[in-house]
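Residues per chain, in single letters:
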Amino acid sequence: MKATLWLAWQHLRFHRWRNLLLVSCLALVAFLPWLGRGLLARYQRDLNDRASRIPLLVGEPGDEFGLCLGALFFKGRDWRPMDFGEVAAWNEPGRVLAVPLVLGHKAASLELVGTSLEYFSQLGLVCREGRLPVRPGEVVVGAEAARRNQWTVGSTLRSDPPAGFGLQGHGSQALTVTGVLELSHGPDDRVLFTGLATGWWIDGLLHGHDEATRLANDDPAQVLARTEGSLMLAPTVVPDQEQATPSRLHLHASEAELPISCLLVWPRDEKQRTLIEADARHASRLAVLRPAEVIADLLQEALRFKGLIDRLVWVLGLGMVALFVHILYLQARLRAAELRTLERLGAPPGFRARLQGFEGVALGGLAVVLGVVAAEMCLRWLPDLVHVL
Amino acid sequence: MSAPLCEVRGLEHRYGPGCQWAIDSLRVMPGQAIALTGASGSGKTTLLEWLAGLNHPQRGDVDFEGEPWRALSPAVRQRRRLETIGLVFQDNALLQALTVEENILLPLRLLDRALAPARRELEPQMRRAGIAHLAGRRLAGLSQGEQQRAGVLRALQHKPRLILADEPTASLDAESAARIVDLLFDARERFGAALVCVSHDPRVLERFDTRWSMEDFRVEAQP
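Residue numbers (the working numbering), protein chains in the order written: chain A, 185 to 573; chain B, 114 to 336.
Read the hints as simulated data drawn from the structure, not as lab findings.
Computed from a predicted model, the values in this text were never measured in an experiment.
Take these hints with a grain of salt, some might be off.
To be verified - Label-pair distances were calculated between CB atoms; the ranges are:
hint	chain 1	residue 1	chain 2	residue 2	range
1	A	Q194	B	R127	37 to 45 Å
2	A	L502	B	G305	53 to 61 Å
3	B	R250	A	L367	53 to 61 Å
4	B	P130	A	L216	39 to 47 Å
5	A	V557	B	D204	37 to 45 Å
6	A	L212	B	R127	53 to 61 Å
7	A	Q194	B	P130	43 to 51 Å
8	B	E288	A	L502	54 to 62 Å
Claimed, not checked - Non-contacting residues of chain A with respect to chain B, defined by C-beta distances greater than 10 Å in every case (computed):
hint	residue
9	Q406
10	T411
11	L417
12	R452
13	E461
14	V553
For every residue, glycine included, the Cβ atom is placed at its ideal position computed from N, Cα and C.
Whenever a hint applies, use it, and build me the whole structure from the sequences.
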C-alpha cells in the first residue's frame, strides 16, 4: 500500500502541469455550481431577511413583485405616486407607524431615497459618522456607496438630472453629505437617503425663493408671465442651494397632495396587522402587501428555475466525470508499458487498479476540494458578490 | 547433488500454425550461468517468461524451488517472483517518473524493505556500473546503455536467486555490453544466483558455462 501511494504521488508530481490543468478544469466544474448554490442561498436569505423586517407595504395596486422589489430593495421602477396625505391617514400613534418613501430620484447614479427619520430607527440604521438628514439638500449615504465614491461628511454631490426636460423641475440639485451609515449588509448600504422634502424639491414641487414680487422688481427681464394674482419667473432667478432653507421652502399647493411612492407600515402587533389589512381591504383602494409573502412567492418562481439549473448542473457534472474517466483511461494507455513492468517485477494483483484509483481519487478529490474552498472563500470574502452579479 | 532451482517438465505448447514447443526436461541449478541462444522468434523470451512464472505452458509444468508456478495463487506467485527473481528486460522498462536511483530501488520499495542500507550498498555498485553521477537524474537524456545498466542493477537489488536477462546487451557498444555482463556475473558470485541470459553476442556467450540453443521450439543443451 505504501509503495502504491508513493508511486502514485511520484507520477502525479512528475506530470504536475498536466495534472494541474486537469484539476483546474475539474475544480471549475465544482466551483461554479457550489458558488451558484451559495449565492442563491444568500440571495434568498437577504430577500427574506429584508422582507421579514417590514410587516406591511402600502402602494398603488398593480405589480406586486415590482412594488415589493422597488420599495424594499430600491430596484428602479416607474412609480405611480400616492398622496402624502395617506401617511396621516395610516399613522395612528401607538397602533401603527407608517413611514413614507419618495423614490425615483438618483444621485451619482445611485438611488436617492426620500424618507422620514423613523425609517432609520425602525430598520436599526445608525450613522457611522455624522448625522441623519434633517434639512432639504442633506443626504446620508449607505456604507458601500460612501466607500465606492469616497464620500465623507461634508462631501457635496448633485442629484442626477431627470431624463427628460421638465418645465416644473429644477433639474439637478446640490446635495451635502451629513452622515455615513454603518454597514448593514443590505440594500441600504448602496443608496443615499434624504428627507422627504428633498425629493419634492428636486421635482420642483417645493421651492425656496425670496418673495416673488421683490425678485420681479429687482430684475423685470426675468418675468416670463404676469397675470392677475400670479407671477411666473425664470428659474435662473431662484438660486437653489442658498435658498433651500426650511424657513424659505414652500409649496404652492396642499401638502397632502404631494406625491410619495409607497408606505412602509409597522403595526404594533400581529392583531393590529390583521385589523389593518381587513380595514384596508374594504376601505382603501391601495394595495396592502405582506412583503414576506410576496417575496416567498417570488422565490418560489426562482426555485423552479433553480431546479432546472440543478438538473443541468448534474448533467454537466456527469459529463465531466465521464471525461475525467476517459482521460484516466488514456493516461493508463500511455503508461501501459510502465504498468506492465511493475506487474512483471512482482507487484501484487490489483496493484494497477489501486495505483490508478489513488491517482484518480487524488486528482478528483483535490479538484472538488479546491472548487468548494474557492467558492466558499468567494462567498465569505465577497459577501456582496450576489449584488455585483 | 542439490535440488534444481527451476525445472521444466513435459512442456508442450502450441501457438498458431507451426509454433509448437516441446521440452521434456530442463533444469536450472543454483549458481549456474546459462546462455540462451537461438534465432529471432524461436521462443527464447517465451521460455524466460515461463521460467519466471509470468505465463504458463498449455501442458507440463515449470517448477520453481520445487513448486509448480501454476499451483501458486496469483498473489503468492507475484510475491515469490518479486522476492526471488531478478528480471532484466530487453527494453529496460524503467519508469520515467522516477530517478535512476528510485528506479533501481523499486523492487525493494515494492517489497517494503528498508531503503537506507540499500542506498549505501548501491552507491559502489552504481560507480562500478559507471552511472553513479546519474543517481538523481530522470530518464530523459540518458543513453540506451546507461538505462540498460540501471535496469540490470534494478534486477539485482533484492539479491535474487534467479536472474533472467533478455538480451541485456542488444544494441549496445562493446564497452557497455561488457559492463553489463560484469554486473550480472558479479551478482552471481556475490549471492550465488543462477543466471539465464538470452544473447547473440559472442563476447557475452563465451563467459557462460552452459548454453541452451533454441531451434524449432526445442531446447538443445550445449556444454
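Cross-check of the supplied hints:
| no. | hint | verdict |
| --- | --- | --- |
| 1 | A:Q194 - B:R127: 37 to 45 Å | holds (42 Å) |
| 2 | A:L502 - B:G305: 53 to 61 Å | holds (58 Å) |
| 3 | B:R250 - A:L367: 53 to 61 Å | holds (58 Å) |
| 4 | B:P130 - A:L216: 39 to 47 Å | violated (60 Å) |
| 5 | A:V557 - B:D204: 37 to 45 Å | holds (43 Å) |
| 6 | A:L212 - B:R127: 53 to 61 Å | holds (55 Å) |
| 7 | A:Q194 - B:P130: 43 to 51 Å | holds (45 Å) |
| 8 | B:E288 - A:L502: 54 to 62 Å | holds (58 Å) |
| 9 | Q406 | holds (89 Å) |
| 10 | T411 | holds (97 Å) |
| 11 | L417 | holds (89 Å) |
| 12 | R452 | holds (75 Å) |
| 13 | E461 | holds (73 Å) |
| 14 | V553 | holds (23 Å) |
In summary, the structure is inconsistent with hint 4 from the numbered list given earlier, while agreeing with all the others.
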